[in-house]
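Engineer: Using the sequences provided together with the hints, build the complete structure.
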Amino acid sequence: MIELQGIQKYFNRGEPHEVHALRNINLQIAHGEFVTVIGSNGAGKSTILNIIAGVYAPDDGKVEIDGRDVTRLPEYRRAAFVGRVFQNPLDGTAGSMTVEQNLALALRRGERRGLQRGVGRQRRNQFREALASLGLGLEDRLDARVRLLSGGQRQALTLLMATLRRPDVLLLDEHTAALDPGAAAKVAELTATIVERDRLTTLMVTHNMQQALALGTRTLMMHQGQIILDISGPERRNLTVQDLIARFAAVRKDKEVIADDELLLTGATSENQHPPTT
Amino acid sequence: MPSFLSDLLTSTQWPGSIAIGLAYAAVVLGVFITFRILAFPDLTIDGSFPLGAAVAAVLLMRFGWNHWSTLPAATFAGAVAGATTALLAARLRINGLLASILVALALNSINLRILGQGVAERVPTANLPIAFNAPDVTDIAKGPMRSLLVDVCLAADECITPAVADRYAAILVFLVITALLVILLHWFLNTELGLALRATGDNEQMVRAQGINPTAMRVIGLALSNGLIALSGALYARYQGFADVTLGRGLIIVGLASVIIGEVVLPPSVLRRALLGAALGAVLYRVLITLALNTTGNIGLQESDLQLITAVIVIVALAAPQLRRYFAPRRAT
Ligand SMILES: Nc1ncnc2c1ncn2[C@@H]1O[C@H](COP(=O)(O)OP(=O)(O)O)[C@@H](O)[C@H]1O
Ligand SMILES: [Mg+2]
Chain A
1 MIELQGIQKY FNRGEPHEVH ALRNINLQIA HGEFVTVIGS NGAGKSTILN IIAGVYAPDD
61 GKVEIDGRDV TRLPEYRRAA FVGRVFQNPL DGTAGSMTVE QNLALALRRG ERRGLQRGVG
121 RQRRNQFREA LASLGLGLED RLDARVRLLS GGQRQALTLL MATLRRPDVL LLDEHTAALD
181 PGAAAKVAEL TATIVERDRL TTLMVTHNMQ QALALGTRTL MMHQGQIILD ISGPERRNLT
241 VQDLIARFAA VRKDKEVIAD DELLLTGATS ENQHPPTT
Chain B
1 MPSFLSDLLT STQWPGSIAI GLAYAAVVLG VFITFRILAF PDLTIDGSFP LGAAVAAVLL
61 MRFGWNHWST LPAATFAGAV AGATTALLAA RLRINGLLAS ILVALALNSI NLRILGQGVA
121 ERVPTANLPI AFNAPDVTDI AKGPMRSLLV DVCLAADECI TPAVADRYAA ILVFLVITAL
181 LVILLHWFLN TELGLALRAT GDNEQMVRAQ GINPTAMRVI GLALSNGLIA LSGALYARYQ
241 GFADVTLGRG LIIVGLASVI IGEVVLPPSV LRRALLGAAL GAVLYRVLIT LALNTTGNIG
301 LQESDLQLIT AVIVIVALAA PQLRRYFAPR RAT
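In order, the protein sequences belong to chains A and B.
For what it's worth, my numbering labels the leading residue of the first sequence as 1, then goes sequentially.
For what it's worth, my numbering labels the leading residue of the second sequence as 1, then goes sequentially.
Bear in mind the hints are in silico, worked out from the structure with no lab data behind them.
A quick note: this is a predicted structure, and the numbers were derived from the prediction, not measured.
The C-beta atom is built at its ideal place from N, Cα and C for all residues, glycine as well.
Fair warning: there could be bad hints in the mix.
As the list claims (entries may be wrong) - List time: in silico SDA-like cross-link candidates among lysine to any residue, alpha-carbon distance up to 25 Å:
| id | chain 1 | residue 1 | chain 2 | residue 2 |
| --- | --- | --- | --- | --- |
| 1 | A | 62 | A | 13 |
| 2 | A | 186 | A | 46 |
| 3 | A | 62 | B | 213 |
| 4 | B | 142 | B | 72 |
| 5 | A | 62 | B | 205 |
| 6 | A | 62 | A | 231 |
As the list claims (entries may be wrong) - So the derived list for chain B, only partly shown, Cβ under 10 Å to chain A, looks like this:
| id | residue |
| --- | --- |
| 7 | 191 |
| 8 | 192 |
| 9 | 194 |
| 10 | 195 |
| 11 | 196 |
| 12 | 199 |
| 13 | 205 |
| 14 | 207 |
| 15 | 210 |
| 16 | 273 |
Structural biologist: Following this line, the structure appears as structure tokens:
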């Protein structure tokens, strides 16, 4: 269970180009819920994930994971509860190290690391088995350097690393966006399989509305630092992409009224520019 | 026996430069850890090498320590210096390069203090050099080496003097020490902690996402690196019977040049080769320098041009990828 209470996040606070990236976010995600997140560029999707992962501390509000208040816990300590896959396939693995060495690092996520051997025979077997379940032939490339792998292979490996030790929450930030269509489909399929198999509490950002509705049990839509739509259950089951776009347009119109007032005040004209907050 | 071979065997110069190269092997391993594994440009070496030399010299001369036990003491002192640099960089958010220069600067004063303890009456010169004639770790092999080489040579009618035999003794001892260091490092860098350290220099974002504290890794890595460098300082000073605060000046370039030479001779496909390459590079660098000085005497270079030669070697090595691209045959598109 994840709980965000009254989260506020600013970037460059007090400077001319201040951004109010998250505006009073309140969100509860139950155990085993698979939430997909959509929204325009700069809506704050990545920031919400980064607040949960501990990359940034919020300017206000509280983050709880399974009842623990982790708001002030540094990123590397929060990693004990959080598995992550990033948009850039290069970000989630150490390219100069081998597949098995990367997996050995992931196997101890959140635990003390000592002078035990990183990769022994037993672990190698464990890794081979886990890799075989990906169906990419990586089980035969345990000692290949990760930089030699394709983007899709690297992303699948990152997904495996994020879930090798069961995380309390899995955070996926547009993790298929940088892949070619074939690889993206494969990684999305693996994601669905693993999340279902391990009943992982998951937050997945995607730019693909089709995917947002096809995967998961609940969909959030974000706009200008706020969650403007939160659909689950039967309501979501019958929703089409067209419905989603229509609802987005409707909500956006409402919001725009507020935003327009602020735009008038600052004389800014571009829709992409973020209005300063008071 | 061909004359060049017997010259090689009986001259003091070649075995001398190989022995010095091996004494520097730990420096090169240390530089390999910071520059290649951690990608942290650490110049603490300027102070940590003479620190090791000073600590070993003073413990030996003034406090009468056993000559072996001064080595871990010197290593520890260097490790503290390296950890200080990493902590300054992380906690005070000082640029890493700058933090290391600051620590090296401070160490200069500390080293002068330590060296000041070394002799009862000293000449108050700026560097406080101390020369000492004391037990050396290479002594252990001198006896056997003398009897072996001198006897064999007398039989073969070549002449290896005891002084030359002593250099072979040093080569043997330093070789054993270097081999032990390479084995230890290889073991450590394949432990869970060692893998975390290696990943830190590769992808810090991934490291944090896997629950590893990158600051802790840099503290451990710089401590390890400067510990090795100080150990080397101790070995070097004791072998040369000399220590002063300038021993570390420009040493980073020697270390880098050696790492690069090692990579050229032994392309590092796996860690084992990279470590062996670094150690080999240390020796080859010395041999190259000796060779350069020998042959370039004819074209008017002298010993004091050593640093210029080193700088040129490093520049050429660093530029090699660009040069190769420049001269590479253009592929038809
Ligand atoms: N590290 C940062 N520094 C400054 N501004 C940032 C930073 N990260 C995000 N932002 C800004 O915050 C807003 C939300 O960004 P983000 O969460 O990345 O959006 P997205 O929904 O596209 O993932 C954007 O306006 C972005 O420019
Ligand atoms: Mg984003």
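Engineer: Under the criterion of a CB-CB separation shorter than 10 Å, is residue 195 of chain B in contact with chain A as hinted?
Structural biologist: Constraint on residue 195 of chain B satisfied, holds at 4 Å.
Engineer: When the nearest CB of chain A is found for residue 194 of chain B, is that gap smaller than 10 Å?
Structural biologist: 7 Å, holds
Engineer: Can residue 196 of chain B be said to touch chain A, with a Cβ gap under 10 Å?
Structural biologist: Constraint on residue 196 of chain B satisfied, holds at 5 Å.
Engineer: Is residue 62 of chain A within 25 Å of residue 13 of chain A, Cα to Cα?
Structural biologist: 19 Å, holds
Engineer: Would the hint linking residue 186 of chain A and residue 46 of chain A be met if the CA-CA limit is 25 Å?
Structural biologist: 23 Å, holds
Engineer: Does residue 273 of chain B meet its interface restraint, that is, does its C-beta lie within less than 10 Å of any C-beta in chain A?
Structural biologist: 14 Å, violated
Engineer: For the hint on residue 191 of chain B, just tell me whether its beta-carbon gets within less than 10 Å of chain A.
Structural biologist: Holds. Min distance 5 Å.
Engineer: Hinted pair, alpha-carbon criterion (25 Å max): residue 62 of chain A, residue 213 of chain B. Please report holds or violated.
Structural biologist: Cα-Cα ~23 Å, so holds.
Engineer: Taken at face value, is the distance from the CA of residue 205 of chain B to the CA of residue 62 of chain A at most 25 Å?
Structural biologist: 24 Å, holds
Engineer: Answer holds if the nearest beta-carbon of chain A is closer than 10 Å to that of residue 207 of chain B; otherwise answer violated.
Structural biologist: 8 Å, holds
Engineer: Are residue 199 of chain B and chain A close enough, Cβ to Cβ, to be under 10 Å, as the hint says?
Structural biologist: Holds, because the Cβ-Cβ distance from residue 199 of chain B to chain A comes to roughly 4 Å (cut-off 10 Å).
Engineer: Interface hint check: residue 205 of chain B, Cβ to nearest Cβ on chain A, cutoff 10 Å. Holds or violated?
Structural biologist: Since chain A brings a Cβ to about 5 Å from residue 205 of chain B, closer than 10 Å, the hint holds.
When each numbered hint is compared with the structure, a violation occurs for hint 16 only.
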